[in-house]
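Quick note, the sequences are listed as chains A and B, same order.
Each step along the first sequence adds one to the number in the working numbering, with nothing skipped, and position 53 is 53.
Each step along the second sequence adds one to the number in the working numbering, with nothing skipped, and position 126 is 126.
Take the hints with a grain of salt, since some may be wrong.
[Unchecked claim] Here's a subset of chain A near chain B, in silico, CB distances under 8 Å, partners left out:
#, residue
1, E48
2, F78
3, T87
4, A90
5, W96
6, G98
[As the list claims (entries may be wrong)] In silico SDA-like pairs for lysine to any residue, Cα to Cα no more than 20 Å straight-line:
#, chain 1, residue 1, chain 2, residue 2
7, B, K20, A, R57
8, A, K37, A, L9
9, A, K76, B, F186
10, B, K281, B, Y292
11, A, K37, A, G62
12, A, K73, B, Y292
13, A, K37, B, Y292
14, B, K20, A, R56
[Claimed, not checked] Pulled from the structure, derived: some chain A residues nowhere near chain B, Cβ distances all over 10 Å:
#, residue
15, G32
16, E41
17, I88
18, Q91
19, I106
Hints in this document: simulated from the structure, not taken from any laboratory.
We treat Cβ as the ideally placed atom computed from N, Cα and C, and that holds for glycine.
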Amino acid sequence: MSDELLENLRLELRRGYLVLAVLTQLRTEHYGYALRKALAERGLEIDENTLYPLLRRLESQGLLDSEWREEDKRNKRFYRVSAAGQTIRAQLLDEWEGINASLRVITQGGPEADLHLTGVK
Amino acid sequence: MTQVDRYLESVGMFLPERQKDDILSELSDHIHSRMEDQEAQLGRPLTDSEQQDILKNYGHPLSVAGRYRPDSGGLMFGKQLIGPALFSIYIRVLGISLLIALALQIVLTIALDLPTSGVFSRLMVHVFLQSATVTLIFVLIQRMAQEHPDQWGWLTGQPDSVNRIPSLPRISRLESALQIVLLAVFLAITYGVLSTPDAGIGPFRLAPIWFSLSAAFLVALSAGMVQSAVNLARPDWVRFHAGMQIGFELLSLALICLLLSAGVWVILTAPAGATLDEQLKLAEIVATINQYFFYGLLISVAISLYQLVQNVRRYRRLSR
């Protein structure tokens, strides 16, 4: 039960930062398989059954542009972040950094941080 | 057609038509890129089994297609029972099944001269049984897809070859699914007919023995549906299948013998105002029908005995 719960919470947590990671990695053009490999090389494993539906969703939301091109004798779909995607990515990065900073205070501060936050000396 | 082509064809069966080609082209490129990468690492072409491992790793076509249609609905009861890829097909099959139930009840009511006052309740029972059966079949298919990501060959009519011992006997899933549907229809008809004591055609009525044994018929048909559902979920339980078949043959034999002991299976309700001549003619017809029933039941005993012996042999062979 606790394993299943942990897995569900982990997936929930991952869902948000996967979007950010994909939008950031697609500053340079990639096709699906190459994108997955690039993310994996940077420590972020992503299942293909999660990646492709995510790419389609981001494209339908106007955050990605895509183009079919032939490479290595096969048709591949290349993705790149769109202008709207770049704006959203910057805003999401700010948001993520803000959350990260807050979490650091919460997780590392202990009781002293609580006193600091409530203004008690 | 390669293994990858068949896999993609299976995924395509559950994708929205509008996006199908686009999704499959991308998926195809991904699978081939992955295979090429692995071939480059190994320095040789992949074997069939290695290719199958890659496909197995992708997941069952039903699960893969489901990820592309998250907004297509599904059936939940605590956890997901029917996923988005199957849900639209489920709704369509349910609709067709309801139309069949309605048509069958209309035909039965007219053909067997059943009272129209009970049509609604008979239809409700029929609809419930058929809907429950269809739902059960789809839930089992979904569960099988989740538990056995390597078994998808049946979608394209190909044998599943991954992790399968070729000589291992299995019960056909299609056969099991058809059995469930047929038994549900029989169950609904049996319930409809035997819950109406004056059911019959024209002046002919079913003899009381049928109504005395109605509960046993319904139990036998329900048990048959449960067994078929088990076969559908676990086609590898061949010994269980043979054991249950023996039980059914014994139950069938007992029911046929009880029917035989009655001696009369159809009775006559002479229409008001019928002349003596007409009554005699009808009595002759009833006697002939009963004779046919007698021989029919005797043949059924012989068939049941033959099948019983076959199933006992099969059970013993599988137990070795």
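Going through the hints against the structure:
| no. | hint | result |
| --- | --- | --- |
| 1 | E48 | holds (6 Å) |
| 2 | F78 | violated (11 Å) |
| 3 | T87 | violated (25 Å) |
| 4 | A90 | violated (27 Å) |
| 5 | W96 | violated (24 Å) |
| 6 | G98 | violated (29 Å) |
| 7 | B:K20 x A:R57 | holds (15 Å) |
| 8 | A:K37 x A:L9 | violated (25 Å) |
| 9 | A:K76 x B:F186 | violated (53 Å) |
| 10 | B:K281 x B:Y292 | holds (17 Å) |
| 11 | A:K37 x A:G62 | violated (24 Å) |
| 12 | A:K73 x B:Y292 | violated (72 Å) |
| 13 | A:K37 x B:Y292 | violated (74 Å) |
| 14 | B:K20 x A:R56 | holds (13 Å) |
| 15 | G32 | violated (5 Å) |
| 16 | E41 | holds (13 Å) |
| 17 | I88 | holds (20 Å) |
| 18 | Q91 | holds (24 Å) |
| 19 | I106 | holds (32 Å) |
The structure fails hints 2, 3, 4, 5, 6, 8, 9, 11, 12, 13 and 15 (numbered hints given earlier, in ascending order).
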